[in-house]
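Listed in order, the protein sequences are those of chains V and R. Mapping of the first sequence onto my numbering: position 86 corresponds to residue 86, and the numbering continues sequentially without gaps. Quick note: to get my numbering, add 183 to the position in the second sequence (first position is 1).
Please note that the accuracy of each hint is not assured.
Which residues of chain V face chain R? A partial, calculated answer using Cβ under 7 Å [stated by the list, open to error]:
hint	residue
1	Tyr103
2	Ala108
3	Leu110
4	Val129
Ranges between beta-carbon positions, derived for each pair [what the hints assert, rightly or not]:
hint	chain 1	residue 1	chain 2	residue 2	range
5	V	Glu53	R	Glu246	25 to 35 Å
6	V	Val39	R	Arg235	40 to 50 Å
7	R	Glu246	V	Leu170	43 to 53 Å
Derived list of chain R stretches under chain V, where covered just means 3 residues or more per stretch with a C-beta under 8 Å from a C-beta of chain V [stated by the list, open to error]:
hint	stretch
8	194–201
9	209–221
10	228–235
11	238–252
12	274–285
Treat the hints as calculated values from the structure; they're not laboratory data. All residues carry an ideal CB built from backbone N, CA and C; glycine is no exception.
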Amino acid sequence: MILTGPEIIHQHEAGRIALEPFCIEQVNPNSYNYRLGPVLRTHRGPVIDALGEHPVREITIPDEGVVLRPGQVYLGTTVERIGSDHYVPSLIGRSSLGRLGVYLQVSADLGNLGAVHRWTLEIVVCQAVRVYAGMIVGQVSFWIPSGDRLPYDGHFGRFSEAVTPYPDLLTAGRRPARRGARR
Amino acid sequence: MILTGPEITHQYEAGRIIIEPFCADQVNPNSYNFRLGTALKVYTDEMLDVRRPNPVKELAIPEAGLVLEPDRIYLGSTVEIMGSDHYVPIIRARSGVARLGLFVHVTADLIDIGSINQWTLQLHAVQPVRVYPGLLIGQVTFWVPQGDVTLYAGKYQGTRGPQESQIHRDFLAPTGVVI
């Protein structure tokens with residue numbers, strides 16, 4: 001089951017959902033609107049190696065905004081720290097951005113129970129579009145799980161900046177000790 | 184919890200789900216197939232800006248079809264007026280459409296409770312693909328919510344046909360926020 005907006009408010013007040021900072025005006029009928037943080041990262045180099053290092057370039061969005069161009073992925077973050085030990089988050093874009101051809105994630109909308117951080121956004125555009133820091137770009141919904149819980153021991157949920165997979169993260173069967181983990 | 188196809192039919196008959204026109208042939212085991220309307224809109228400026236209105240022009244999909252080109256967003260709409268005051272709809276492509284490399288929304292699959300419209304589709308083709316009016320292009324699922332319900336009363340309520348982004352209105356509001 002998906003939580004309604006009033007239920008998201010209730011669960012946030014009860015400390016069972018993290019949305020920080022919280023603004024009541026960002027509550028929708030069945031989701032919560034999040035904002036775009038000021039820093040974007042892009043991959044350098046013509047080919048991205050799934051198991052290699054990923055050098056990135058960092059852009060701080062100026063007041064006049066930044067033009068996103070097709071053909072590359074921009075890693076952004078939410079302004080808000082988002083997560084829950086009790087409800088499963090699903091993070092998507094707003095339709096107002098989708099109507100401009102702006103993807104906010106790349107088929108990876110599902111969050112893990114227990115990961116509370118500023119989420120990384122994978123932004124892809126169909127046409128060139130100017131965006132601004134702090135604008136509302138997407139929404140997160142919360143879903144009731146069924147079953148016993150595993151503690152969160154993933155990698156990305158410990159970061160609040162946009163990070164890429166470390167070498168070998170995507171190799172089956174390998175789960176190295178947490179490297180450089182920090183919030 | 185997601186409604187099964189027979190439950191979608193039952194809730195439609197009980198007036199708790201709106202799908203107009205409704206056709207029993209379009210009911211799937213756990214979703215309902217919707218059709219692509221005739222009208223499309225495309226932006227006329229090369230560079231879009233979220234802070235200002237972005238002008239559009241309207242296209243009509245002829246019976247012979249229209250080729251959607253990559254690197255451009257096309258706004259279409261469902262033929263059906265759909266929504267519910269009781270269940271949360273989520274839309275997606277049919278897999279037959281996805282296999283052609285055609286997105287029907289751009290990371291905006293979640294519909295608000297109480298949003299009852301011809302829903303705008305955000306069509307994005309990975310390769311050129313020809314589409315036709317009335318194409319069974321996507322499917323809608325319905326999910327049971329938990330908690331008190333506040334119905335959608337946002338800026339796209341009651342719309343018919345494809346609706347371009349109104350996000351520039353966010354930047355006009357004194358609070359900075361329009362849902």
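Structure-based check of each hint:
Hint on Tyr103(V) holds. Least Cβ distance to chain R is approximately 5 Å, under the 7 Å limit. For Ala108(V), the shortest C-beta to C-beta distance to chain R is roughly 10 Å, which exceeds 7 Å, and the interface hint is violated. Below 7 Å, beta-carbon pairs count as interface contacts, and Leu110(V) has none with chain R, the closest being about 12 Å; its hint is therefore violated. A distance limit of 7 Å between C-beta atoms decides the matter here; for Val129(V) the minimum to chain R is near 4 Å, and the interface restraint holds.
About 53 Å separates the C-beta atoms of Glu53(V) and Glu246(R), a value inconsistent with the hinted range of 25 to 35 Å. Checked against the given bound of 40 to 50 Å, the beta carbons of Val39(V) and Arg235(R), roughly 24 Å apart, lie outside it. Distance hint check: the CB atoms of Glu246(R) and Leu170(V) are about 47 Å apart, consistent with the given range 43 to 53 Å. With 0 residues having a Cβ less than 8 Å from any Cβ of chain V, the stretch 194–201 of chain R misses the three-residue criterion, and the hint is violated.
Interface restraint, the stretch 209–221 of chain R with chain V: violated (0 residues with C-beta to C-beta distance below 8 Å; minimum three). Taking a C-beta to C-beta cut-off of 8 Å, the stretch 228–235 of chain R contributes 6 residues in contact with chain V, enough for the three needed, and the coverage statement holds. Given a C-beta distance limit of less than 8 Å, the hint that chain V covers the stretch 238–252 of chain R is violated, as 0 residues qualify and 3 are needed. For the stretch 274–285 of chain R, the assignment as covered by chain V is violated, since 0 residues bring a beta-carbon within under 8 Å of that chain's beta-carbons and 3 are needed.
When each numbered hint is compared with the structure, violations occur for hints 2, 3, 5, 6, 8, 9, 11 and 12.
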